[in-house]
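S.K.: Build the complex from these two chains, which are given one at a time in their own frames, with help from the hints.
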Amino acid sequence: AQRVTQPEKLLSVFKGAPVELKCNYSYSGSPELFWYVQYSRQRLQLLLRHISRESIKGFTADLNKGETSFHLKKPFAQEEDSAMYYCALSGRGSQGNLIFGKGTKLSVKP
Amino acid sequence: DVKVTQSSRYLVKRTGEKVFLECVQDMDHENMFWYRQDPGLGLRLIYFSYDVKMKEKGDIPEGYSVSREKKERFSLILESASTNQTSMYLCASSSGGALADTQYFGPGTRLTVL
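Protein chains in written order, with the numbering used here: chain A, 1 to 110; chain B, 1 to 114.
Isolated chain B (complex conformation) (with noise of 0.2 Å):
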C-alpha cells in the first residue's frame, strides 16, 4: 500500500510566520504534487516535482515555494504567512510512466492563518 504522509494535521500561525508543511512517500515516486482545497474551488495545484531538485509551478504558485532534496520528502514553504493561506493542503504522490496520473494523497494539514 502505498503511503503518503503530512507531517501536521492541523496548524496554526500568526501571520508574517514562515511556515513547513512536509511530506514523505514510501513508494519511491518520481512524482510529487501539493494542492490546497478549499470549498467551492476545488483542488488548485500549487507546485509539483518530478524528480529530485526539481520543481515547476502549478496554477498558483504565489506565496508559496517548494523544497525537494530527497526523492521521498517534498516541501512545502508558505515564506511570510497571510490569512488568505488559511486552508486544506493536500500532498499526493504518483509514479512516472504509464500510470503517472494515479496520484496517492496524504491525509491533509489543515492550516490555520491568524
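Extracted from the complex, chain A is given alone in its bound form (with noise of 0.2 Å):
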C-alpha cells in the first residue's frame, strides 16, 4: 500500500538551528517525492520536488531508497519557517495523484 509517515506531528526549535522534518514512504515502484508548505493563512504551495534538486528557501530534500526516507532539512531556521510542512508522493501513472502525510507544524522561536 502506498502511504506517507510523518513520525512528528510538532516540532519547536529555536532561530538558527538545525531542523530536520522527517518523511518515510511507503511505495513499490519509483516515486516522486514532494514537500509541500502551508504559512499561516496562506495557501497550500509547492516547496520542493525531489527530481528538481533544488535548494528552496535554503531547505534541501534528498531521497534516500534504501531507508524510504525524504527528510526535509534546514541548516539554520529562520521564524519565517514557522509553517505546516506535508510530504506527497506521486506514483507513475498516478494522474497528477498525491498520497500526502498528516503533516508536521515547525514552529521556530526567537
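A portion of the hints provided could be inaccurate.
[As the list claims (entries may be wrong)] Calculated cross-link-like contacts (lysine-lysine; reagent style DSS-like; alpha-carbon spacing at most 30 Å): (1) A:65 to B:3; (2) A:105 to B:57; (3) B:18 to A:102; (4) A:105 to A:73; (5) B:3 to A:102; (6) A:102 to B:13.
[To be verified] What follows is a set of in silico ranges between Cβ atoms, one per label pair, in the way DEER data are often shown: (7) B:28 to A:54: 22 to 32 Å; (8) B:18 to A:41: 26 to 36 Å; (9) A:64 to B:8: 36 to 46 Å; (10) B:22 to A:45: 17 to 27 Å; (11) A:105 to B:62: 26 to 36 Å.
[Unchecked claim] Counterexamples of contact, computed for chain A against chain B with all Cβ distances above 12 Å: (12) 22; (13) 24; (14) 29; (15) 55; (16) 58; (17) 62.
Keep in mind that the hints were calculated from the coordinates and are not lab data.
Positions of the beta carbon are idealized from the N, C-alpha and C atoms, including for glycine.
M.R.: Encoded structure:
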C-alpha cells in the first residue's frame, strides 16, 4: 500500500538551530516525492520536489531509497519558516494524484 | 501565476442541507481535486477529475459528489450535510503530463455544519 508517514506532529526549534522534518514512505516502485508548505493564513504551496534537486528558502531534501525516506532539512531555521509542512508522493501513472502525510507543524522560536 | 479560487472562505450550514462548494482555475489545467484538511489527519482526497465530465473517487468519497461540466470549474456537493463534514475543504488543480503532480491550491473553504 502507498503511504506517507510524518512521525512528528509538532517540531519546535530555536532560531538559528538546524531543523529536520522527517518523512518516510511506502511504495513499490520509484515514486516522486514532494514537500508542500502552508504558512499561516496562506494557501498550501509546493516547496520542493526531489527530481529538481533545488534548494528552496534554504531547505533541501534527499531521497533515500534504501531507507525509503525524504527528510526535509535546513541548517539554520528562521522564524518565517514556522508553518505546516506536508510530505507527499506521486506514483507513476497516478494522473497527478498525490498521497499526503499528516503534516508536521514547525514552530521556530526567537 | 496560477489562480485557483473557491467560492466561499467561510460557510455555515445546517444538518441536512445541500451544500455546493465551487472551485475555478484559470490555467486550463486538466486535473482538479477536492481534499478535506483536518488537524492530525492531514489532507484526504475526496474526489478528483482528469477531464471534463470525468470523475474518480478518492479515499473518502462517502457523503460527497462532484460535478465537472466545464474544464475550469469543479464543484463539490454535500447532498445532505452532517456535522462530521465540518472541515476545511481545499481545491487544487494541476496540468497533465510530466508536471501533473505539481498541484496548485485554492485558499480553502471552512465549512461548519450545525
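S.K.: Each hint should be assessed against the structure and marked as holding or not.
M.R.: To see whether the hints hold, each was checked on the structure:
no., hint, result
1, A:65 to B:3, "violated (34 Å)"
2, A:105 to B:57, "holds (29 Å)"
3, B:18 to A:102, "holds (29 Å)"
4, A:105 to A:73, "holds (14 Å)"
5, B:3 to A:102, "holds (25 Å)"
6, A:102 to B:13, "holds (27 Å)"
7, B:28 to A:54: 22 to 32 Å, "holds (25 Å)"
8, B:18 to A:41: 26 to 36 Å, "holds (29 Å)"
9, A:64 to B:8: 36 to 46 Å, "holds (42 Å)"
10, B:22 to A:45: 17 to 27 Å, "holds (21 Å)"
11, A:105 to B:62: 26 to 36 Å, "holds (28 Å)"
12, 22, "holds (14 Å)"
13, 24, "holds (14 Å)"
14, 29, "holds (14 Å)"
15, 55, "holds (18 Å)"
16, 58, "holds (21 Å)"
17, 62, "holds (19 Å)"
This entry does not satisfy hint 1, going by the numbered hints stated previously; all others are met.
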